[in-house]
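These protein sequence lines are chains A and B, in that order. Reminder that position 403 of the first sequence reads as 403 in the working numbering, one-by-one numbering, no gaps. Plus 1000 on top of the position in the second sequence (first one is 1) and you've got the working numbering.
No lab work stands behind these hints: they were computed from the structure. Be aware that a few hints might be false.
Stated by the list, open to error - Which chain A residues face chain B? A few, computed with CB under 7 Å, are given here:
| # | residue |
| --- | --- |
| 1 | PHE92 |
| 2 | ASN226 |
| 3 | PRO227 |
| 4 | VAL244 |
| 5 | LEU251 |
| 6 | LEU252 |
| 7 | THR275 |
| 8 | LEU289 |
| 9 | LEU364 |
| 10 | LEU366 |
| 11 | GLN371 |
| 12 | ARG503 |
| 13 | ILE505 |
| 14 | GLY509 |
Keep in mind that this is a model prediction, so the values were computed, not measured. Positions of the beta carbon are idealized from the N, C-alpha and C atoms, including for glycine.
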Amino acid sequence: MVAFGFLDWLWIVLYLLIMVSAGVLFYRLGRRSESDFFLAGRGLPWWLPAASVYATHTATDTPMWVSGVIYRHGLAGLWYSFFAGWCAISAFVSTRIFRRSLAYTQAEWNTVRFSGLGAELLRGWMSGWQVFMSMFILGWVGIAMGKVCQYVFGWPTWIGLVVFSSVCAVYVMAAGYWGVIMADFLQGVVAFAVILIVSVWGVVAAGGPSAIVSRLEEMGEGWRLNPLAFSGWFTGDFPIAWFVTMLFIALLGGFGMGTSIDWYVEAQRIQSARTVRDASYSIWWGTALVLMRNSIWAVAILGFYVLYPRIPDTADYEMAWFRIGFDYLPAGMLGFFFAGIIAIHISTISAVLNLGAMYFTRDLYLHYWKQTASERELVWVGRVATLVLLVGSFFYGLIMEEITSWLIFALWIMAAGVWLPNILQVVWWRFNAWGYLASWIANLGLSWLVVWVLPSFGLLPELPDYQQFWVLMVLGALIYLPITFLTKPDDMDQLVRYYVMSRPIGWWGPVRREAERRGLLRPEAR
Amino acid sequence: MAWIRRTWTPAAADEWTREDWYTIVISPLAYILLMVGVALSLLLFPAGFAVLGLGILATLLMHWIIDPKLKVISGEYEKKQRQYLEELERAARWKETGHG
């Protein structure tokens, strides 16, 4: 437990008051329309969604994750956080294409890109999945805050889970995305300042940069300073084969939509930007800040390693950055540190609350339930959905320990086998709704087989995760590619309309020629 | 012909051109250099400052290449956005849309 003084509590109370007042201040803007409640009226300059990209990529469990991989792998652990690198290409490819589609959500994009029953099945599936995922992520992040509060104050975990998510829900319900984005900007600034101050403090506590380097070399662990300290081609903790697979997944994934779980939340930031250019820069700069932030953390964790080497228990060394803050900051600064942790926490909570509510309101309520709903009604549905997600997240958070391993597996199976289809849907005109739907269904079955069932019967060796990725990618393609070719292409009217509006990259020749034939595009512009 | 085109017509900017491909290559490189450069610079390695400097240069170059094109794409698209939004709203509410 950590002892807080008056000044510490003052920091926390002031911070919470400022956050809630963001909801009150932007209440009038948020209630104007569905577009305001979920996309801030599509009028934001690039630096506001960029701050939100940064803030939402910084959750309570992020310092635990980064601490864990750096403590274990040294600077090479930075590559485990480089999956965010999908934004490098996405910012100038899929972000541009998605922004031009104007779809509120990825589920809605399915009915802009594809046509007919297949498109509707995709939209229904994806919106339901995203509502569920939002609730799950809220529970996951919420319980991480519960654990931090237990570490700091000795509270039962449910208190940290319920209290801070509830405070956050006040401004999300009041002002919708306007509240989220404005609070995210403030939270981004506070969180970055706290990360910087605490990390520098940690480095100083370890004797400074030079002392960290010399101490690691004295310990015979100088390899921790090498970001490319590979353990072999295919062997050890950090093989080159893993590194190449990671770069392949992270970077080429930027050509697609949904290749990273973060795509769905960033898609909302993309649509809230006022122009295509603002959307591109918001994604690029928000992520650049995330990657540089991870580097700052990494050096602090190396300092922690020098102070506390060879801790065997993962749960202990994952708390490294929090321990630096609580063990080394002086009285009066602890409250500032905790306010920063609150900022890190509720920026993610607010973003996911509003995102899940948007999928429910736009894709399920409006599109499938009540097509005549007024703007005012949609805002209220958004508020009620936010509340339901909040309560649902408490349920998930409290049973998280029991279901985490299953759900991590579920996340994995939702990512590996559909990685390539998520790209094909963007770059290849002939890839249709049935092929994409088949890839999701095939992946569900194949993942169980490759990861659990076949290894348990000895029919397949237990493969490292990066090898599972390649196996699932190939096996899935053997199913969805034939289905794509055996079913009709999507309706040409729909494809032409989508092409002219979004101008996708890749293999769109027949659609392009049809658009030119109809006089919608000029051949000389090619 | 210039290696990098800096002035664009709206129709030409809407196409995928070599400027986009230069950006697609430089952008990941900039991320890697910035990430590794910040970590090594904080440890006061001279090579870290060099890597960070290269990362900043790559970032500036990327913006110099793609920004004129993005400005034109954005300006042109905004003129059509209202009509597209109306179509999107009609589709969301299951009303007839003007195909093709």
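Hints, verified against the model:
1. For PHE92 (chain A), the interface hint holds, since its Cβ comes within 7 Å of a Cβ in chain B; the closest pair sits about 5 Å apart.
2. For ASN226 (chain A), the shortest C-beta to C-beta distance to chain B is roughly 10 Å, which exceeds 7 Å, and the interface hint is violated.
3. Against a cut-off of 7 Å between C-beta atoms, the interface hint on PRO227 (chain A) holds, since the closest Cβ of chain B lies about 5 Å away.
4. Violation of the interface hint for VAL244 (chain A) is found here, the shortest Cβ-Cβ separation to chain B being roughly 14 Å, above the 7 Å cut-off.
5. A hinted interface residue such as LEU251 (chain A) counts as satisfied when its beta carbon comes closer than 7 Å to some beta carbon of chain B; here the least separation is about 5 Å, so the hint holds.
6. Using the Cβ-Cβ criterion of 7 Å, the hint placing LEU252 (chain A) at the interface with chain B is not satisfied: the shortest such distance is roughly 10 Å.
7. Using the Cβ-Cβ criterion of 7 Å, the hint placing THR275 (chain A) at the interface with chain B is satisfied: the shortest such distance is roughly 4 Å.
8. Of the supplied interface hints, the one on LEU289 (chain A) is violated, with its beta-carbon coming no nearer than about 10 Å to a beta-carbon of chain B, more than 7 Å.
9. Because the smallest distance between the Cβ of LEU364 (chain A) and any Cβ of chain B comes to about 12 Å, over 7 Å, the interface hint for this residue is violated.
10. The restraint placing LEU366 (chain A) at the interface with chain B holds, with a minimum CB-CB distance near 6 Å, inside the 7 Å limit.
11. With a cut of 7 Å, the hint placing GLN371 (chain A) at the interface with chain B holds, because the nearest CB-to-CB distance is about 4 Å.
12. Taking 7 Å as the C-beta contact cut-off toward chain B, the hint placing ARG503 (chain A) at the interface holds, the least distance being around 5 Å.
13. Among the interface hints, the one on ILE505 (chain A) holds; its C-beta lies about 5 Å from the nearest C-beta in chain B, closer than the 7 Å criterion.
14. At its closest, the beta carbon of GLY509 (chain A) sits 13 Å from a beta carbon of chain B; the interface hint therefore is violated under the 7 Å criterion.
Figure legend: structure checked against the earlier numbered hints; hints not met, in rising order: 2, 4, 6, 8, 9 and 14.
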